[in-house]
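Enquirer: If you follow the hints, you should be able to join the two separate chains into one complex; please do so.
If you read the sequences in order, they're chains A and B. Numbering (the numbering used here) for the first sequence: 1 to 1078. Numbering (the numbering used here) for the second sequence: 1079 to 1438.
Any given hint could turn out to be false.
[What the hints assert, rightly or not] Label-pair ranges, simulated between beta-carbon atoms:
no., chain 1, residue 1, chain 2, residue 2, range
1, A, Arg276, B, Gln1431, 17 to 23 Å
2, A, Ser524, B, Leu1345, 42 to 48 Å
3, B, Arg1234, A, Leu467, 42 to 48 Å
It should be emphasised that the hints constitute simulated quantities derived from the structure, not laboratory data. Note that beta-carbon positions come from the ideal geometry of N, C-alpha and C, so glycine has one too.
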Amino acid sequence: MNINDTKYMKQLSKVLLLGSGALKIGEAGEFDYSGSQALKALREEGVESVLINPNIATVQTSEGVADKIYYLPVTPEFVEKVIAKERPDGILLSFGGQTALNCGVALYKSGVLDRYGVRVLGTSVQAIIDTEDREIFARKLDEIGVKTARSIAASSMEEALAAVDEIGFPVIIRAAYTLGGLGSGFCSDREELERLAASAFSYSPQILVEESLKGWKEVEYEVVRDGYDNCITVCNMENFDPLGIHTGESIVVAPSQTLSNSEYHKLRAIAIRIVRHIGIIGECNVQYALDPDSEDYRVIEVNARLSRSSALASKATGYPLAFVAAKLGMGYGLHEIKNSVTKVTTACFEPALDYVVCKIPRWDLNKFEGVSKMIGSSMKSVGEIMAIGRSFEEAIQKGVRMIGQGMHGFVGNTVKVEDIDEELAHPTDSRLFAIAKAFDEGYSVDRIHNLTKIDLWFLQRLENIHLLKEELRQFRSETSIPKELLLKAKQYGFSDFQVARFTVDDISLSAHERMLRVRAYRKSLGILPCVKQIDTLAGEYPAQTNYLYVTYNGTKNDVEYEHDGRSVVVLGSGAYRIGSSVEFDWCGVSALNTIRRMGFRSVMINYNPETVSTDYDACDRLYFDELSFERVMDIMELEEPRGVIVSTGGQIPNNLAMRLHGQRVPILGTSPESIDRAEDRQKFSSMCDGLGIDQPRWSELTSMDDICRFVDKVGFPVLIRPSYVLSGAAMNVVSNKEELTHFLELAVEVSKDHPVVVSEFVEQAKEVEIDAVAQEGEIKAYAISEHVEFAGVHSGDATIVFPAQKLYVETIRRIKRIARSVARELNISGPFNMQFLAKDNDIKVIECNLRASRSFPFVSKVLKYNFIDMATRIMLGEEVAPLAKSFFDLDYVGVKASQFSFARLLKADPVLGVDMASTGEVGCLGENYYEAILKSMFSVGHHVPRKGVLVSSGPARSKVELLNSTRMLIEKGYAVYATEGTAKFLGENGIEVPVLYWPDEQREPNVMDYLRHGKVDLVINIPKNHTRRELDNGYTIRRAAVDYNIPLITNSRLASAYIYAFCRVAPADIAVKSWDEY
Amino acid sequence: MHKKRKARLVLEDGTIYEGTSFGYEKSVSGEVVFYTAMTGYPESLTDPSYAGQILVPTYPMIGNYGVPVDDVKDGISKFFESDKIHCKALVISDYSSRFSHWNSQKSLGDWLKEQQIPGLFGIDTRALTQKLRDNGAMLGKILFDDEEISFYDPNRDNLVAQVSTRKIMEYGNGRHKVILLDCGVKNNILRCLLQRDVSVKRVPWDYDFTQEDCDGIFLSNGPGDPAMCEEAIVHIRKALQGDIPIMGICLGNQLMARAAGAETYKLKYGHRSHNQPVMRPGSSRCHITSQNHGFAIDERTLPAEWEPLFVNVNDGTNEGIRHRTKPFFSAQFHPEASSGPVDTEFLFDDFVQAMTAVKK
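In isolation and in its complexed conformation, chain B is listed as follows (with noise of 0.2 Å):
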């Protein structure tokens, strides 16, 4: 083993946390974000939302089932949820170097310096949780050796731009055809459409798929503040006008509202996490769901014709919309999954079903 070369995290507060790289050796800055799943990090990693960030597992031990081999499946790999990590970093505090998984073929940290990504452990994760709790998701830097650089808010890029396809891409050849509209989009996404007989059409976020022929369309999950996003809230304006049945996810969501004509706002520090409960106002079932997001929608501003789908029970965020009439929703949480409980699938067959619907 090579010798160890420390490095530090620096947030912008002035607070110094000393590490050990075990990834990529280069200084990088973004937002520092902590997540408290305790499994999936191969799917985090590759989550196209947390681009921009540092990346802040809870859960101390990172890298024990190393990383598996990258297959390929109807044009979607197998166990990425995209072709590459998207995070600018990942803080830990103990790493498995070595790993132990039937399906593994490299080391966390192995991955990690062969996507140039750094990585840090040996830091007292919680206590930075706590910091980031109290104080609000913080820019941060990781710095090697002296090398100084500048922090970097990554909610005032268009990072979806950054993340989206750049081409028109078609998978699948199911009974439904679909528009994908990709603000960075999680391959699992994909896999729950084309499992329910749907051909897909992904398209970049700012693509104008108003005129496209197709049953339905997909707002996918991705990175950044919505408010970004103006061209694709103006395609999707127009696609609101319409019978089409629209379902969104995460990013998704908020471009819905913000379609719809309601606000969105940035979370304190954001609910990222596999335990997040979730209720439909006004019933007694209450979901467990994977989430990832930094920004909300505030309900006070949704417009008559729409109404909460889902409420976060912890604090009472808006966790999903629906159109009162036409068949628009979508929801903030990750019925997707991958990483995380998959106990809200059931919403891409409502989708589904929405699009059988119309065609009667």
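Just chain A, with the same shape it has in the complex (with noise of 0.2 Å):
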């Protein structure tokens, strides 16, 4: 880009941004924080915007965002009918993600964008492609003097074995173009290359064999460049786990601790010579591994477009990097930019941090059958949250908490370690509790070191909070401790939950009263934490947004408090979670929203980077910091609010609310005694049976003989699960006896405090949910949804359809009539969802929530009715007239199809069960319901098949389910396979379809050959029962459907709806039409 063309970019009429997709391992909430901002820099600038985007919990895809969303999926088919309809003149494709990134690679190769003369602004395609093919990217970096690891491109295992030879073991494995290091891997010996690269080619026609740096430093710099040649560091960030642990994997600090001013600046020039000579426009990572004994260094990747860690380093350091980075897509330079925290200086400077923040993965490995738990270079976890403190011990523990893992802290957890060394040389998610083992055991720091890699400093660090429990622990009482070793654990982060256990034994009071008093010993002692701003510049300008965060390494408040009843608090979602993501960002942002239009002070807190929520300008004061009730009734009694919001965060706030409403925190919408009546099941069945409300038969049970006794009552199928879920950790249904025993074992495992609930399942039943907002008991708006496959499938993973559109007028009647009748008994003003079961007319409640759902963003979009606006409003003591819209005169349909990330979970099974396994979800928009089916099918990566779909269709019920479907595939003339029962029972019903042998059959033709050869590109395999055992040979084949990266269907229902759609929508005849055009 020169010159005249950045007067060019700035005569841009429309622009096209490609948005992620659903959220998923190795690509998720960030990239909803990074396309908003971009939005907002094209709304800015009078440019119309476009935005492709099927994730429809999004903030990005909501009303006021982009000018024209349409809820498609980011495919080049589909982006190019966009760009056919729209003429875009521009188009943003750093924003998105690697899914956009490849769509914007694939369109520029095919001409398409040449065709429609659309520009691609920022970064050009070829200097992407130059990153993107790491033998181009090496050979470009040899140009300019700067080291690359060793690495031979392989395209065949040949080739492969030939570069091993050279290089030598150990290696690392990479594929090409993938999602955060999928298909990546270290191999020390032949037999470990040869499995690994096997399952990278079928990723990627082409291969990385690298030289292995494991145990050097991990550090990453933030480079944006402008067209004009201005090129700056925004962030450097060092990992604390060594490199070997992908970066998405380690807990990050920023700015980085153990370098040298001279490290420091040396990577820093280097990456903007990179930055430089590779051309980037926008913003641009690269990550170093360094030498721990040396100054020597080598790039290890770059990436040419916003990423995970560009969105942890704009919340770092309140550098809007996404911002920015559209702007100079359009043609800016930094210093036509104003730095938007101080108003007043230049956005073209380094931001000078005076705290330091800690990231923390948050992974979800628990929820997976199988899974291997060890952490390395392939990216597992779903979350991460960001701690910032004045002190690494302050920020770490703050970040263990956030986590929301029932962890403390560092230290004060109880954690079971098998085998500390073992532990600490192969890493899994929970090392950080084998070092605080580690240094319980006497474990010195050099020791820990040797095993870890870690740089000692880290460890140092973490051996002061070690230490201080120590001597915390010599004493019986919060009152004996010396105010100087009270304020210093307060400094190191130490929750006053985590001192009360270390020094109050005073055993007849529960672990809330305890923590209780420490804090009242603390105030009394004038023992307060602080607040202080992130101003970008460590103070030198004042700030003029409320960007900010508590601390106790410090004596005095950058805010004034007006104490004028005016600000309302809302509670974030934290870390984003499997059952717990961006849908509860969007409540909370449209919270935000609401309360500022109102008048009100809005006030956010959450801790959690990949979000919008946490964007300084989402709300008048952010806090970026946790939602314990500690930290919250902090909060409180600076803000001394009008009243706080627990409703639109999920349940952690949910859960906060009777303990806040303890201390007379002020809690709007439906009260703390109503949440607890819903929470409670004891409360909430004898409310049912009161109201005459069917439940399935429950019991809360303690002991094995009683379970027993119950389940001959109710007989097999049961559903065993612990109080207090959110997406059902530890829930499951069992067949027979002997799953119930193993299940639970784990079921006690996650919550000893809570007895296990075991209720009875009902097969065959539909489930429905309804979405609804009420005030003082009334309903103003309501949604009801079903779901398309049977009861049994968590209703986070299932595939949602809004309205209802095979339901019984009879079954909607019912529905309403439990739900008004519950809504009026607690007396709820705000957002809640109920979930039935619904069999013949017969319905019964399983799940009552009296806070915004997962659905609220869905139904909301589809309905064109921000049922959180309305729900905001009645909080803030709004009358509201009755929604006057039905969702039956809606003439098109709505669809969610849940997104799952098995590929990045080595070995887990991906089946569909009570426990939630989806990372995300897409909600497409149709003419009718099959055409809404396809669109949400192919916006979570189906496609029609063109070589073969292989049938095996498991337990009788769904045999005969996809009777029909698959005589339909082969009247379409699919090629269809079938395992041997499947096509037994399909020639019985008069359809022959080859044979495939079970893959522990040694008999051709076998599914496995299939699979491998990619003859088969849909496998539709129905597990046998709703548990699932060892690796048998539908575990096999579903694994294997994975990791060849074959569409996987695993449930019939959704099975045949999906076939029916294909066959019945040609995907040449699907509308592409956006939000507003329905």
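Expert: This is the structure in structure tokens:
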């Protein structure tokens, strides 16, 4: 791009932005943040924006962010159609992750962009290709004398083996053009190499065999360059974990902590040279390996787009990277953009931090059967948090709590570590706690360093926490702790809970009461946290924004509190995890918007760097801090707000409601007592009994004998689960006694305080949901949707149709009646969600949440009515009129489909059950049910099969279910193969299909050959029962489908619906309509 | 570990911050200034421009990578900017008593003790920084126990005379002979020159170099108020009559301006950071620079034959000047970096080029 180009760019009138689609491991909420910022930049320039993103739960796909929104798959076919229709003059490719980038490269290569005269804004596609093709990339860097890891590209197994002969073991294998290190791994011998390379080749025609730099430091720089060749590094970050662990799996700190000035600036200068040489316009991430014993380095990777790291860097520094990158793409120079925090200084600067941030990944590996818990060179984490402090100890302890997996900090947890040395040397998701354990066992910092290769500095700081804990343990009551020690504990990030755990011996008190004791004593000593601003310039200039964090390493608040009763606090949803992600961010942001519009001061507490709600301009005051009782109370005492909204952030704020209420914090909307009546099964059940509402029979039980007696009464299968869960952790359906015993152990593991709930499981039942908003017990708006799958598939994994298309009118009537009576009984004011089982008009309630649910953005957007806006108005006391619009009047259908990330979760069995497994979702609109299904299935990675379909239809019931759809496939001319039993059943019903033998049979033709050689491009494999056993044939097929990147469906109802859809609706006939055209 | 001793930082307005000592235990006074760089404490502490000042890094954790081995190469320390710590004291938030780096030999605390420089941690450096930002740089003192000492304003002293070399020193054997007027020069200026086929004759700040045979004159950085360096200004003024290329950095920039007839003034709280954006007037090129100065050139007083070379994008202050026709130029920032970004090191190339051009 030259100066003339930049003038041209400034005359843009319409720009297309590609989103990243459903959240998946390696590509998650960060792209909602970056896309939203880019769209904001377009809007500010008066450029019309068109967005393609099927992720309906995002903020960027909301009203008022883009001018036109297409809920369509981000694939070359669909994007071309949108281009043909909209005729944009520019396109932004770097704000939608690898999905958008790959799609853009394809459109560039096929000449579509040229044909329609669409200019790629920012970094050119050729530059992108240069960074993505590792060989070109290494050559480019070599041209300017920059070192990359020795690396040889291989296009076949033979070439891969030859490469290793040259480099020598250990090596790392990488696949080109993939997300977050997919198909990557370390190999220390030939056997490992062959296995990994085979898998990598299934993702990519080219793999890289590289020298291993295991144990080196990993350091990243976020670089920005404009069309005038101005180039800055906005942030550098250092991984706590040494190289070998994917940066998405690492704890990361910013700024770097162990680099000298010379190292820092050497790598910074190289990053700038690289970015200039490649010709980036916009944002770019450069990753290095740095020798811990010299200044030797290697460049590992360059990402010529916004990334997870850039989202983190944005939040870590307060520098709006995506916004600036979009402006640069439009032709602006860095010096022409203002720093949006100070409003007076320029964006052409490098932020100075006067705090440290610590990012910690969140894994949900416990949700998967068979998955390996080792962390390594490919990404498995589903979310992350960012903690801010003025010491590393403070930041990391806050961060560990933020992760939300029951940990209280670095110390004070009850974690089982089988073999400390093994855990330290071969890290899993609980390595940090193995380090804590090692200190407990008397390991020295050096010994831990030798095993982990984590830099001594980090370990020294962790040992500081350990040593302080040991000091605290010498005291038997909180009042005996010396003031200085207590202050130091707080400065080291100890929570009141942790302090209580080490010092308060009084066992007559509950854990909560003990914590309150410490809190009271601490406050009596005047040990209070203070609030600091993130201002990008370390205090050099005053900040005009309120991007805040709370610390004990300071004595003065940066904020002067008004105490004018105008603050309304919204509690955010925390780390993205399976079961709670971007949909709650949409809810939170919607609430903030309404609060602002109504003239109140909007205040957000959240700590997830991937979100829009943690953009400091999303609200009037952002506390980037913990959602713990302690921290929320600290903020309440500072803010003295008008009230707090706990119903838009999912389960974390919901769980705080009663305890905040206990401290007389004003909770807006439905009363906490009512929330408790809905959350507490016993209370809820007796309420239902009183209202004459049916529930599946259940019992809360504490012993095996009681459970057996109960099961004798209701019969198998039964559903077992602990109380207070969101996504069904350790929830499971069991069909016999052996399974019962097995899963019960897992359930008790999860929550010892809560007894096990066993309930009757109704088979072949439809699942129906109502999302509603009520005011003082009267429903003002509601949406009824149905699941495609029968009950038994978690509602977060199910394919959901709204408006419900196939329900009896009587069913709908009954559901409305039940919802009304519950709303009245609980005097609901705000959002709520109920889930039902419906079998022949027989309705049972299975779930009731007095908060927004995962499907609120979906139904709000399909209905074009924002339920959260209405709920927020109600919570702020506005009298609202009932929604006049009825979903019966919609002449289109919305379908929400789930995105799974099994490919990343090595060895996990890709089946669906009552425990949630999906990492994301999409929602598409269609003229009819089938068109909507098709769009949403395409959006989560399916495509119409071109080669063949393998049907392995499992139990008798699903065999019948799939009979007609299989017949349809054959009539339409698809090649259908079946496993033996299925083929036999089809044959008996007059459908002859070729048999493929089971993986463990040494007979040809074998399923595995067909999968391996890509002769099948849709696998329908229905597991035999609700639970899953070891590595049986079904597992082998499913896993192979995932590993060879072949679309897989494991539910017969969904398979059937999808087959009908693509047999009836030709892809060419799919309407390309924007949201507002429905 | 020995018992930690408390000490206080007292500002001229009476504000008191209590912290814990980790350096040498003696009461000192000076001018309190903050700097926002996140790396480079060994370089900053040995930077003579900080003479007389109590240094407050805004980055909270200091000492992480210890203090490097003091190796000497070609008569110049490899890792330090001079032969000792020049600031009066260091005030930080959080101290790393343990450190980790392949090149480190001792902890920051031990080094401070060795050099008899007090260090305080446990202070809300952000609150302190905001105070300095709002009130301007302030005088302050670090007090141990009940000891009482008076405030000291370093800007009333000729600090340059204290930090400048007392004898003439020669370095390198390059093609270009450069006189380096040492007003408190940082070693990296020497290193940057020596890397460019230059031999350096380092002379005291008040040395009359106008009769020397040389290809170029370099005016170094240094501490305090440029108005204090009258002797140097007189010599420079004389040199400006000639045509030998002259380059100046920081204090050297201010001296060049004063010699040319322009005025300098004290900034409210100065620029001490690694992230200062500067632009060449009329261009679209912006550079990120390392800075450390409390005084600046009043651009309005520049004589007609001079023009601004760089301007600070944030506050519009002057960041360098050049003569419209002769090979004289100077920068307010630190192109030699160390610590800080190295993006403007090309100015040394410009200087060498100017010398080459004159020779031709």
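Enquirer: Please flag the earlier hints that this structure goes against, numbers listed from lowest up.
Expert: none
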